[in-house]
Each structure stands twice: as structure tokens, then as C-alpha cells.
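Student: Let the hints inform the model, and build the full structure from the sequences given.
If you read the protein sequences in the order shown, they are chains A and B. Numbering-wise (our numbering), the first sequence opens with residue 1 and increments by one. Numbering-wise (our numbering), the second sequence opens with residue 1 and increments by one.
Mixed in with the good hints there might be a few duds.
To be verified - Now the in silico label distances, taken between C-beta atoms and shown as ranges: (1) B:L263 with A:G299: 34 to 42 Å; (2) B:E62 with A:D383: 19 to 27 Å; (3) B:L204 with A:D383: 54 to 62 Å.
Read the hints as simulated data drawn from the structure, not as lab findings. A virtual CB, placed ideally from N, CA and C, is assigned to each residue, including glycine.
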Amino acid sequence: MKRFIAFIALALVAAMATACAPAPTATPAPAPVPAPATATRAPAAPVAPTAVPATPTATARSGGELVFAVSDPPPRTYDAHQETTFALLHPASPHYSTLLRFDADNFPKIVGDVAESWTVSSDGLTYTFKIRPGIKFHDGSVLTSKDVLATYEKIIFASAGVASARKSAYAVVDKIEAPDDATMVFRLKYASASMLTNLASPWNYIYKADLLAKDPRYYEKNIMGTGPFRFVEYVAGSHWVGKKFEGYFVTGRPYLDGYKAVIITDTAARAAAIRGGQAMIEFRGFNPEATDTLVKALGDKVTVQKSPWTCNLTVTLNTEKKPFDDVRVRRALSLAIDRYEANRVLSKISLMGPVGGVLRPGAEFSATEAELTKLIGFSKDIDASRKEALRLLKEAGVPDGFAFTLTNRNIPEPYEPTGIFVIDQWRKVGLNVKQNAAPTYLNDLRAGNFEAGIDFACDHADEPDLQLLKFISVDKSSTNYARYKDPILDDLYNKQSRATDPKERAKFIRDFEKRVLDEQAYQFHILWWQRIIPHLTQVRGWKITPNHYINQDLRDIWLAASQ
Amino acid sequence: MNSLSPTWLASLVRFIRRRPLGAAGGAIILVMIIAAALASVIAPHDPLETNYAALFKPPSPEFWLGTDGFGRDAFSRLLYGARTALFVGFSASFLGAAIGVVIGITSAYAGGNIDLFIERIMDVFLSFPIIVLALAIVAVLGGGIVNLIFAITIPFIPRTARVIRSSALVIRQMPYVDAAHSIGSPDARIIFRHILPNVMAPFLVMLTAFQGQAILLEASLSFLGLGVAEPTPAWGLMLRGAAVTFAERAPWMGFFPGFAISLSVFAFNLLGDSLRDALDPRLRL
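Tutor: Structure follows, in C-alpha cells:
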């Protein structure tokens, strides 16, 4: 009898252990570093494949509706050229194509989307694109280079009253032309290392020229693209629906009959939606705890994909307000933060990830650990750093610290835990910091109505031109909320942007990094993010990338038979 | 000395014997007030102090109510959170009730078009549920304790004004008020000597009832990220963010502040009901 009871007990323990064991998860390797294609001149010969895409997947099956969650409702307009939030890209990108696109399976490789091929002149000043023939808009009309021209004229040379959020990224473009229906030409003022990356921007939806000619603001309230899914409806605050476009130019795509983007703003509710099967995936990311909970609950019915993330949080100090106009105070504030402790703590409970400088750790041109730890605030000897911080505060005339308010975004992930952490770090050097997490956050930052703030930056690629832009002078960068002017930084930015030799470019970037983070400490990084996507294993054909902007047209996604 | 007189004590004992539930509510509130006042003495840890070696610790002798995602002691934060709750609660309910009294008496005493005008404005405010009005105000003004108090005060004003006006209208018709008028007493004297003292009973009842609502509103707005901001200890904040995300792993993070909010609202409601019963002459029959 005792043996029987022991056997039953052992069996129960074994069963419980099996049930509690973590499910197998797919954890892709970190994204490879960017290919030199973005740093060096492309060859004169066509570099993009002309054949329409993708490796057919033997097991891929057509049909079904993908239901995914989006953590924010779409913004004021549907025009991605002027909007800056993923909350538009996630539901709207399936309706559109772009000139170029990133190959999600080989990120950051750039391939053609409506562009069939392209050439770059030997001096790097002329980019010529051949437009794929036979691409149709959802209304049946055929896309030509005129549509691409009208799109980029709107983005680069936006007329009065038409907003373009990324106009400054194309300052290098001198003029654009469409000599015939199948050719599109970009002529540059000077050679640019980031031109192709910018042309693969997921924000640059190709719009229809006729519609733009009639009303340049047509796309603020309407959808009309050449993407794999037609627009069906958007019910404000609830959901966005798309239906398969039978005339999509990629043979055999999309696999899905349609999709539904469901807006769920609360993190726990989004996790619960996936857990309960009301949503299959959420493309922005969950924190490790929410992911673990899903894995424990669903076992092998959930797959986890992980990646670094081209997003970061920084502290930005309003240099127009005292005492933040004093470089000693700014440096002290950076010195007080133990980023390595932040990584240990915040990476367990939030989206925050690795310690890094102005470029994502691991990306091409990012600082090595040896280079990074030489910068103030990035040393691993936090006691020495805080001692230096106290000395600088004393020298700046505030030996007992001072009080100020940290303006933060009113979003739990990852802003709230980061705000708590940073305030706690500053307490350790005698600073008394209150937090203001108001809905007016972004307006306050833009208007300079703050003392110190948590700022964020997310880009669609690892490209210094993108990541360094917010640190140049306020009259040249609309996202420099620290409000300083620094000609040295502007000069370094231009030099790195035009450098054709990667080694030379890396040197300028290191100098830039040292000046902005160390010598002046106008703004300084806290941590970069980690991207974790747990999704139902039923969802196939989607691969995580280091940002949540690209690979969102859903054309390669298919649904396995439900388990 | 008066407060300890035998008469006062006898009244207290009588209240406890006749209304034990109200007395229990009062006792809970008293404990809360003492705990909040002596938080700096009682709390075993600094409520803002992080301890990264003790993240998500369950209740233990070292951390009586466990720790949160930053290793902060939940018990200490709960004690200091009582300060926030009581300060916002008392301030908002007192201000709301006091302004409501002034408006209610003015409306009732002036009568005519002034009464009509004031009451229509009150109708507009009363048409919004309390939480919706408070949300709208704090969304416009932003977070922070001062704005929070203001946002909670505003919805209380019309509710008090309406009740006080109806009491004052009755008193205004009383013979002793007519007598005061006939001997030429100025309006201010009539209001302060004859009307105001007679509306104090409903005023006190509303004041007490509002405390619980104010605490709940403060917690709700802070939970929604529109009230007090981290790292200030506040019960609603303790329920937000990590407490939801980590509900399965660290249930104590949400349980104790939730229990504190429920208990305090329950205590104020018990006391308010008992005060109403004790002070309303119609219920003494």
C-alpha cells in the first residue's frame, strides 16, 4: 500500500513538473549587423532581385482571418507621411506598398517592393529605380512612376498645409523625376550613406497621384493603396478590418483572407486576449513577465520571438532652464544613473533591455563596451561615478542637491518603471525629483514646458543618420527637446553622414557620441529596449525584426490549422 | 477640557452602544488617521527606498506586506499612501461640501432668478457622473495632488448645494426667520445665526459620505495614471502597472492596497450612515 501511495505521489509530482515546464520557444538569433550596403556606395549594376518574391513555403496554407491586438488607437489621420506612431502602421500597412522594403528574413537587407530594380551612379548622386509593371491600386488603376513621384514630392517637398514628418531626412535630395512610366530618379546634392535605408522607410506608403492632385490631404481620411489587403472598415476605438486584395502584385500572396486589428490599450488585457484566443499576436511587444505568464498558460500553443529593438529611452534636460544650462549639473545627472543595475532590474519587469550609447548595441557603428564604459555615466564603477556627481554638483553651487520635476509619458510600458528607477538613482546623490506623467507630455516636451524629461526614440533601421538626428541643434532637429544649439555636433553629423569610408564614419560617430553624452550631456541614454513577441503558434510566416515598424504588411503570414 | 467632559464621554458611549457599526467605522478611520500621522515612526522602511535584492518578496517578517517590482516595502508605502488618501479625501470633501453650503444657502435665501440661475448650473454639473466629471477635469488640468483635489472637489459642490438648498428652503419659511426679518435683522445675521447652524447636520453627513467617495476617486484616478504620480506612495498607484502585470506572481502587490481602499471607503460609509441616523430628527421618532 505504501509503495502504491509513493507511486501515485511520484506520478503526480512528475505530472505537475511536466505541466509547469516552460514550453519550447522559438528564439531567433539576434539580428545581424547592418550590411555595408547602407554605408558604402551601391554598385552601378542592378542590386535588387527582379523576380517577385518570396520563397514559397511548402506548408503554407491560404485562408483565415488574422486577429491581432494594437495597444493604441490610430492617430488623427491615416496619412503615414505625417504620422509617427506604430498605431497607424500596424493596422494600415497591409493596404500599402513602398518603393523599397526591408527583407525581414535577412534584415537589414533591402529589397524592392514596387521597385523592380535600381542602380546608383558611381558618384553616388543619382538613384534610378525601375518600377514593377502591372501593379494595381485597390480601385483597379495601374501604378506608374508618376504615383511614386507624387508620393515623394509630398514627402520631400511638402507644399504649404501638407504635413511631412520626415521631410528633414531627405534634405540630401536635390530633385526627383519620373522620365517615363517605369522609371523614377532621385538626384542628390551630395552622396548619402543612408539614402536606400530612407527609401525603404515603412512610413513612405505609395499614394495615387491622381488623388493627391485633386486633394493633397486626401490620404488623411482615406485609404487607397496597392498593398495585399483592401480597407474594409475602422470602428473608432474598437477595430480595423482589411480584406484580401485579389489583384495584389505578388503571386500567391497574401495567404490570409483578411485581418482584424483589435485595439486593446491595457497591457494585461492584451495578454489576456492572446491567452483567451481573442487575439493571435500583438506586434509591438510584451515584457518578460507577461510573456512568461502566456507561456506557462498556453505551453506549446504559444511561440516566443525575441530581438533587440531599435528603440531607446533617454533623459533630456531643458538647457534653457536653470540649473540644466550648467554642463556640470547635466553631467552629474548622467553620472548618478547606474545603467547596468537598470539593465538587471528593468529587463526583468519591462521592455527595457541593454545598455548602449547613441546607436543600438550590436548595430554597425555602435560603441564597443570598452568605448562605452569610458563615457561618463556608462562606467561600471557606480560608486566612483556618484562621487564625481557629488563633486560636480558641489562645484556647480548645489552641494545639497535641488528639486525638479521629471516629465514622463503617461504609459506604463516602459516609461513608468524607468521613471521610478531614474528618480531613485537621482535620490542617491541628493536630488529631490517629482514626476509629472501628464497626457500633455509630448506637447510639454515640444514647447519646452519641462525641466527634465524621459524621451523616446524609435527608428525603422539601424542608421546613424536616423539615430543621431535628434541630437543636432534645435533649429535643425524637430525632436531635440533639450533645445540647445551646438555647431560642433551639427558639423560631426554632416561629416558622418557624407563619409564614404566606414572607418571614417565610425570615427565621426564616436566623436559625436562623446560630445553629446559625455562632454555636454545634453541628453543621455538610459537603456535600449528588448522586443519580445509571444504569439499563438498557429500564426506562421512572420519573423521578428529589431523594430516594430517594418514587416507589417502581413503578406507572408498564414494560419496553421488551429490546435 | 470640555472635550473630555462627562457629557461628551456619555454621548460617545451612547453613540457606540446605539450604533456599533458606525462606531466600528469611526474606529477604523481613527486607526487610519493615527497610522498616517505616525507613518514616519511606524513604517519599517523608507517608502521610496528601492532594494534590488528584494524584488517581489512575499510577506515576511522583514517585509510585512511584501515588496513591489522595485523592492520597495509595501507596508511602508501603504502607511504613507494613507496620508495621500486622507489628505486628498479630507481636502476635497471639505472644500466641496463647504462651497456647496455657501451656494446652497445663497440659492435658497435669494430665491427668484438667482435661485433659478444657480440651480440650472448645478443641474449641468449633476448631469455628469462623478467619475466622468473628475476625469474630464484632471485630463484638462493634468495630474498632481492639487489638481486631483480640485477635480474631486468640483463634482461634490452641486450635490451638497442641492441638499443644503432644500434644507435651507424649509428653514427660511420658519416663523423665527420671519420674526428676524420683521425686527430688521440684516441678511448676513439671519444666514449665519439662523440658517447656517440648522443645515450643519446634513452638511456633516455629506462631509463624511464624501470622504469615502473622495478616497475612491483619488485611487481610481491614480490607477488610471491621471492622479498622483510615482514615486509618491498612493493606494491607487500601488494597484497600477506592475500590480496588474504581476498579479499572478506577486498577488500581494494588488491585494493589500485594494483591501485598504475597500476598508477605508467601507469605514467612512458606515460612519456617514450612522451620523445621518443620529443627526436626522425624523429618524429619532
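Student: Mind listing which of the numbered hints don't hold for this structure, in increasing order?
Tutor: Failing hints: none at all.
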